[in-house]
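**Q** Construct the complete structure from the given sequences, taking the supplied hints into account.
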Amino acid sequence: MVEIKQEDILHLLCERLASFANAELEITPETNLITQLAIDSIKLLNLIMELEDNFDISIPLNALADVLTVRDLANLIYRIKAVPK
Amino acid sequence: MNLLEKLDAAAAARKAQLPTGLSAFGIPIEEIYSPTEARIGDRHILLLGTNNYLGLSFAPECREAAHEAIDKEGTGTTGSRMANGNYSGHRALEIEFADFYQCRSCIVFTTGYQANLGTISGLIGAGDVALIDGDSHASIYDGCILSGADIIRFRHNDMVDLEKRLRRLGDRSRNTLIIVEGIYSMLGDQASLAEIVNLKNAYNSTLLLDEAHSLGVLGETGQGLVEKTGLINEVDFITGTFSKSLCGVGGYCVSNHPQLDQLRYVSHPYIFTASPSPATIAATRAALRLLRNGSKLREQLWRNARQLYSHLKMLGYQVGPEPGPVVAVILDNPQQALALWNGLLENGIYVNLILPPAAPEGKSLVRCSVNAAHTFEQIEHVCRTFTMLHSSLAR
Numbered sequence: 010m011v012e013i014k015q016e017d018i019l020h021l022l023c024e025r026l027a028s029f030a031n032a033e034l035e036i037t038p039e040t041n042l043i044t045q046l047a048i049d050s051i052k053l054l055n056l057i058m059e060l061e062d063n064f065d066i067s068i069p070l071n072a073l074a075d076v077l078t079v080r081d082l083a084n085l086i087y088r089i090k091a092v093p094k
Numbered sequence: 099m100n101l102l103e104k105l106d107a108a109a110a111a112r113k114a115q116l117p118t119g120l121s122a123f124g125i126p127i128e129e130i131y132s133p134t135e136a137r138i139g140d141r142h143i144l145l146l147g148t149n150n151y152l153g154l155s156f157a158p159e160c161r162e163a164a165h166e167a168i169d170k171e172g173t174g175t176t177g178s179r180m181a182n183g184n185y186s187g188h189r190a191l192e193i194e195f196a197d198f199y200q201c202r203s204c205i206v207f208t209t210g211y212q213a214n215l216g217t218i219s220g221l222i223g224a225g226d227v228a229l230i231d232g233d234s235h236a237s238i239y240d241g242c243i244l245s246g247a248d249i250i251r252f253r254h255n256d257m258v259d260l261e262k263r264l265r266r267l268g269d270r271s272r273n274t275l276i277i278v279e280g281i282y283s284m285l286g287d288q289a290s291l292a293e294i295v296n297l298k299n300a301y302n303s304t305l306l307l308d309e310a311h312s313l314g315v316l317g318e319t320g321q322g323l324v325e326k327t328g329l330i331n332e333v334d335f336i337t338g339t340f341s342k343s344l345c346g347v348g349g350y351c352v353s354n355h356p357q358l359d360q361l362r363y364v365s366h367p368y369i370f371t372a373s374p375s376p377a378t379i380a381a382t383r384a385a386l387r388l389l390r391n392g393s394k395l396r397e398q399l400w401r402n403a404r405q406l407y408s409h410l411k412m413l414g415y416q417v418g419p420e421p422g423p424v425v426a427v428i429l430d431n432p433q434q435a436l437a438l439w440n441g442l443l444e445n446g447i448y449v450n451l452i453l454p455p456a457a458p459e460g461k462s463l464v465r466c467s468v469n470a471a472h473t474f475e476q477i478e479h480v481c482r483t484f485t486m487l488h489s490s491l492a493r
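These protein sequence lines are chains A and B, in that order.
Our numbering numbers the first residue of the first sequence as 10 and each following residue consecutively.
Our numbering numbers the first residue of the second sequence as 99 and each following residue consecutively.
Among the hints, a few may not be true.
To be verified - Restricting the straight-line Cα-Cα distance to at most 35 Å, the calculated cross-link-like pairs of lysine-lysine (DSBU-like) are: (1) Lys90(A) to Lys262(B); (2) Lys262(B) to Lys14(A); (3) Lys113(B) to Lys52(A); (4) Lys326(B) to Lys262(B); (5) Lys104(B) to Lys52(A); (6) Lys411(B) to Lys52(A).
What the hints assert, rightly or not - Here are a few chain A residues that sit away from chain B, every Cβ distance over 12 Å (derived from the structure): (7) Cys23; (8) Ala27; (9) Glu33; (10) Lys52; (11) Ala74; (12) Val76.
These aren't lab readings, by the way, just hints derived from the structure by calculation.
Glycine included, every Cβ here is placed at the ideal spot set by N, Cα and C.
**A** Here it is as structure tokens:
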């Protein structure tokens, strides 16, 4: 299995999240998911399920409590992905 | 934003969804005439939004039992089951529920909400996993949060997604509690229990089934989905409520696992609350007897459910995936749902309005609940009203 890098996850997230931002906003690792993007709780849960399938992981809902920025989400995905089954 | 400003922001969002003056939530019912009729304001209303599935809310047996219990034991227990609130009636009801399910034991809780909260938080903890259907009731989500376990959702009734998530857990699947519902309250559809049981066994997990909406509704004697599917011995824990088919307040958990009784000593929602009142317990015991022998009520309930479901489907309304006592009309936006809900109320019919984020997939719902006490003519009246409103909604 090819190991995925943290930077690759971050890059993918920035690309994917662009659809939730207006044209002027550049998505960076420090972009706040809730206050800077037009993303409500339903859209967020759907996005999480899409990411779970993309990375073949399950992200616990309780782990999302600490996620504020794009970087936080990327770090969480990386940590879950790194845990051996 | 301070604490009170956060509440102001939530109130503003709520007001933006609902036009001024229209109070769809918590509408006051002034008088109840029967299981199907009431007065709201100065209007005589047909009730099509209760959970009174067998129509037992005025059953003479239950009313007499409640009166007698008040006269003998007073209005309240004033204490927890672990202290002074453990009456012989509570223990008798637990024995009767265990007998009903042919299970080893039962615990009675003060509400259905607490039955899930107490059972889930007693069964799992930090390091364990709760694997729950995405359309689960808030009591399931809250029980999982209280437990401290990792909470993972699978797509509603999607067995491929459930299997995928069990596989991803690796060895942790052994410490996983899968939680599903017999009938889901939003769309009225049933869990794919046979497939869920197969997956639970394949991954050595534990299964909890909430029969809140299916007790009294499914199965020959009304046990719920476990009876309909013949899988009672494959489900580890069954929870449910007294507040729907049994027309009381309270909840239960039954199981064949001897460890169930240990929950009494670790479950805060069981320990730190007053036990159900004597009247509630007595009425529930009487209602359970009626439910067990209620095959004719179930037949009538299902006739009513099929009559309404098939009519709405024929009209072109988007409805839930299968007929059942909960008949949900799915609408694309809150404005359409409000218009339909209001149109029904103006024509003397009360139903439930469910708006995002409470409704699945960002949709809005006008949720009807039929019961065994509805007459053919009452359901016909509802069907005619939906027909009339369908043409006005389409304009």
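**Q** Now, for every hint given, state plainly whether the structure supports it.
**A** Status of each hint after checking the structure:
1. Lys90(A) to Lys262(B): Holds, at about 15 Å.
2. Lys262(B) to Lys14(A): 23 Å, holds
3. Lys113(B) to Lys52(A): 21 Å, holds
4. Lys326(B) to Lys262(B): 27 Å, holds
5. Lys104(B) to Lys52(A): With Cα atoms ~21 Å apart, lysine 104(B) and lysine 52(A) stay inside 35 Å; holds.
6. Lys411(B) to Lys52(A): Measuring from Cα to Cα gives roughly 29 Å; hence the hint holds.
7. Cys23: 24 Å, holds
8. Ala27: 21 Å, holds
9. Glu33: Given a closest Cβ separation of 24 Å, the condition holds.
10. Lys52: At about 8 Å from chain B, lysine 52(A) fails to clear the 12 Å cut-off, so the statement is violated.
11. Ala74: 10 Å, violated
12. Val76: 14 Å, holds
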